[in-house]
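Student: Listed below are the residues making up each chain.
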Amino acid sequence: MEGSFNITVVISAVCGLAMVIGGILLLWRGAMSLDVASKSEAISLEWKRELRLTTQYPALGFFIIGLAFIFIPLVFSKPTPIPKAKIEGTVPGVNKPLTLILETEPWISGKEHEDSIEEEIDLSTVRLRITLSAPLHRQVERWVSLGELAEGTYDLGKVRLQRVVPALSKDDTDIVELPADIKVPPTNKAGGFGE
Amino acid sequence: MIQDKKDMALLCSIVVVTLFFANASIGFSESTNKATLKGQVVHKQTQKGIPGLKIFLVSEVYGRSVLKVTDNDGYFTIRSIPISEKKYYLEIYEADNLVYREELDIKDDMERIFTVGK
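First to last, the sequence lines map onto chains A and B. Counted from 1, the first sequence has number 129 at position 129 by the numbering used here; the numbering is strictly sequential. If you want the numbering used here, it's the position in the second sequence, counting the first as 1, plus 195.
None of these hints come from the bench; they were simulated from the model. Every clue listed holds true.
Mimicking DSS-like on lysine-lysine, the simulated pairs with C-alpha atoms at most 27 angstroms apart in a straight line are:
| hint | chain 1 | residue 1 | chain 2 | residue 2 |
| --- | --- | --- | --- | --- |
| 1 | B | 233 | B | 282 |
| 2 | B | 233 | A | 189 |
| 3 | B | 282 | A | 189 |
| 4 | B | 243 | A | 96 |
| 5 | A | 170 | B | 239 |
| 6 | A | 183 | B | 302 |
| 7 | A | 183 | B | 282 |
| 8 | B | 282 | A | 170 |
So here's chain A without its partners, still in its complex pose:
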């Protein structure tokens, strides 16, 4: 479906370009002129007898229709932006930075396939696990469906994290020095590799 749409968009744009370039060539060769044409030579476009456009400047009409062929596919082929969702909540009594982890629940199809696959997935039922994490605290999980998130804002409410490790003192002997020639990105520039 998407493939045939893309082909249609490209064909339409190519037709538009051909009309514009062809119009320029016809003007150059003198087959068309920018002068006012007689009413019998006017270009007229009619759609379901409701919309009717008539121009006595055929050359301009040619260009406008050509440009429409170029720009309308551009508008239709613009990708639809993925909606953003907001997660809110309060976590009182934790004096450590909180981390939010989102993971999708595995979605397993009940269907069995032979050599071709055709599945319809209701994305609104796919669930996400939201994990609230803070150092030395027991993590708390919440489950939310994409359908609920699509409504805009998901309120976690008031979440309490239980501290399970009283303190963590650093032992300097646990930290080996990085060789001087190794330059690694800071922690906010993570994601260079791994999954």
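Assemble chain B onto chain A, guided by the hints.
Tutor: Just chain B now, with coordinates in the frame of chain A:
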């Protein structure tokens, strides 16, 4: 002339067979040159897992890995680590404080327990 054609056919066969095996060996090495590190971070005194610690691998070649956070029992997993001749360093942070860094030689999938604290 016939001899030339035979030689050409033989040469083409050798090229096709060589390309086939070269392609197969590239596919094999691509599928096996990544490793997984499974670990647990435990407290030195209690020997219990510590939740919520940030874990990174750092490498001179590949930079800093994705962020992982230890679960309620202190476990974490980092997948798709490129196997490299260069050493990796495992870093453990409590919030923004570095509490542990160790040199790791990752040549295959590995499982380790990391002990932190005093």
